[in-house]
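J.: Keeping the supplied structure of chain C fixed, place chain L upon it in accordance with the hints.
Number of protein chains: 2
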Amino acid sequence: MSFRHVAIIGLGLIGGSIGLAVREHLPGVTTTGYDNDPDVRRRAAERGLADRICESSIEAVAGADLVILCVPVGAMGEAARALVPGLSPDALVSDVGSSKQATGRMLAEALPGRAVIPAHPVAGTENSGPDAGFATLFYHRWCIVTPPEGADPAKVAALVEFWRALGAMVDTMGPEHHDRVLAVTSHIPHLIAYTIVGTASDLEEVTRSEVIKYSAGGFRDFTRIAASDPTMWRDVFLNNREAVLEMLDRFLTDFAMMREAIRASDGQTLFDLFTRTREIRRSIVAIGQDDARADFGRKHNGDG
Amino acid sequence: MSFRHVAIIGLGLIGGSIGLAVREHLPGVTTTGYDNDPDVRRRAAERGLADRICESSIEAVAGADLVILCVPVGAMGEAARALVPGLSPDALVSDVGSSKQATGRMLAEALPGRAVIPAHPVAGTENSGPDAGFATLFYHRWCIVTPPEGADPAKVAALVEFWRALGAMVDTMGPEHHDRVLAVTSHIPHLIAYTIVGTASDLEEVTRSEVIKYSAGGFRDFTRIAASDPTMWRDVFLNNREAVLEMLDRFLTDFAMMREAIRASDGQTLFDLFTRTREIRRSIVAIGQDDARADFGRKHNGDG
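Protein chains in written order, with my numbering: chain C, 208 to 511; chain L, 208 to 511.
With the rest of the complex left out, here is chain C:
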């Protein structure tokens, strides 16, 4: 492993999981951690999310050869500027944000002349905060590394090696392509889920209690995603606007066609779509990107 000391800035779901995964897989590597919130720092220390929880990011990054920013995309620039006084000249700075053009720009501006290679582990749960992380979060999940032009190949390779050591599979691509891919595989699904959960909770003809009781018909799947961290997701949408709006309009065009098929009682159009979407599910399960068990392996024994 090229890195001896990893500093983690932001100790929520992703930052905490990185700390726990490093301890499990890279016992020779030291971790330091920092979070702006004193309650999070205290809880992170209790859980041992890093070997040492520091009282400032300057202290946390001192001596680190890899610094990973795990804060919401909108806070990335400020977090990067804050740690500059402690940063070693040859340290590599990376992040885990879901909007790679934006974080690449923010980090480059905040850290002129420094080695910056943004990355994005495509992994998570609906939980957030210092209690949410676990060491196996990145197992068999993709991490996308988006090296800027002119990035040092040795540093790119080291970052790839780091993520592989935590159990992830790694791809590299340009930040613009990343943002389009994630708009469709992550950002639009989240926006849809948040919106339909909001719609359902605002209805007058159907009570909120009914929506909750009868949610097993499909709605509950959307509520999991719609329970994700609000700050993180606000920042994703504000910082991947173009790709999100582009994919959103594709979805709306297709949705209008389905609406018209229902209005016109055009069963064939509905049946054709419903048939071909099964194949995508099969492929996702086949490559191990979702649980092969029915219903995601949810319990069916009455205890939730």
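Incorrect hints may appear among the rest.
Copies of the same chain look alike in the list, so a pair counts if it fits in one copy or across any two.
[To be verified] Simulated crosslink set (DMTMM-like; lysine to aspartate or glutamate; CA at most 20 Å straight-line):
{"hint": "1", "residue 1": "K362", "residue 2": "D378"}
{"hint": "2", "residue 1": "K506", "residue 2": "E333"}
{"hint": "3", "residue 1": "K506", "residue 2": "D409"}
{"hint": "4", "residue 1": "K506", "residue 2": "E231"}
{"hint": "5", "residue 1": "K362", "residue 2": "D272"}
{"hint": "6", "residue 1": "K506", "residue 2": "D338"}
{"hint": "7", "residue 1": "K362", "residue 2": "D297"}
{"hint": "8", "residue 1": "K362", "residue 2": "E333"}
{"hint": "9", "residue 1": "K362", "residue 2": "E467"}
Just so you know, the hints here were simulated from the structure itself, not pulled from any lab data.
T.: Structure of chain L alone, referenced to chain C:
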């Protein structure tokens, strides 16, 4: 238990699960089963989905005091007409369809003068067919009974008792209200999921392989629902058109507001929605209608 002999017409996920659940919970009750598809009948016999698999629905319902139609909504009328010659005069006929105004009308037309009480167990998985059913599918799930006007209260009570015996909780309501409730908790979520999976698989800028690989960012949740039985779902939309279109337009109105918030970089509107949707998730988990474990309890060990 008021019923001695339950006939199950249609041996897919729901019909098969009823048969297995009756065997587990009501050992004194005989079950017979029938399916139009000879391959399904053969597999149903191998799995023991009913005590006896019959070669016609007339034979299956002979002597039954409860007949449950577990076929797609669009096939309900024909399936009901076909079994009339075998039906006992005092048998209760019910169904499990997701569009209760439509199945109520179809069964009343097909079975004039007979006791008909439609019902809908709000339970399922993405799998279908004779291999998909299991005995605990209805545990701690709601079954909605929609008695027509003038239904015999004793027969309603018997049907409620039957579903409770299989582990379900039971509510009764009018079919019109049911159809509105399910439009929002089940039908619109399915239509959205089918549509976005279709949109993603049709993109040119993002390959299908990328959509599949990076699906863990949220998209894979939608693919589970979009793998549901195409015939069943086509029929649901064709037979609950008004409520679906009404709820669909509410969703589209809200979605347009979110689109505008992104376009205008209005982070506050996004944050406000993303914050209040968490509460619904908490309530669903609190009443045991979803798995309390993160990520639905999906495995995070690299084997899918």
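J.: Now, for every hint given, state plainly whether the structure supports it.
T.: Hints and how they fare:
1. Within a single copy, K362 and D378 get their C-alpha atoms as close as 15 Å, which meets the 20 Å cut-off; across copies the closest is 61 Å, which misses it.
2. Taking identical chains as interchangeable, the C-alpha atoms of K506 and E333 lie at most 20 Å apart whether they share a chain (18 Å) or sit on different chains (15 Å).
3. Taking the closest pair of Cα atoms, K506 and D409 never come within 20 Å of each other, the shortest separation being 29 Å inside a single copy and 34 Å across copies.
4. Only between protomers do K506 and E231 lie at most 20 Å apart by alpha-carbon distance; the minimum there is 18 Å, versus 28 Å within a single protomer.
5. In this assembly of identical chains, the alpha carbons of K362 and D272 lie at most 20 Å apart only when taken from the same copy (11 Å versus 74 Å across copies).
6. In this homomeric assembly, K506 and D338 come within 20 Å of each other (Cα to Cα) only across copies, at 18 Å, whereas the closest approach inside a single copy is 23 Å.
7. For a Cα distance limit of 20 Å, the shortest separation of K362 from D297 inside one copy, 10 Å, qualifies, whereas the shortest one across copies, 79 Å, does not.
8. Neither within a single protomer nor between protomers do K362 and E333 lie at most 20 Å apart by alpha-carbon distance, with minima of 32 Å and 44 Å respectively.
9. In this assembly of identical chains, the alpha carbons of K362 and E467 never lie at most 20 Å apart, being 52 Å within a copy and 40 Å across copies at closest.
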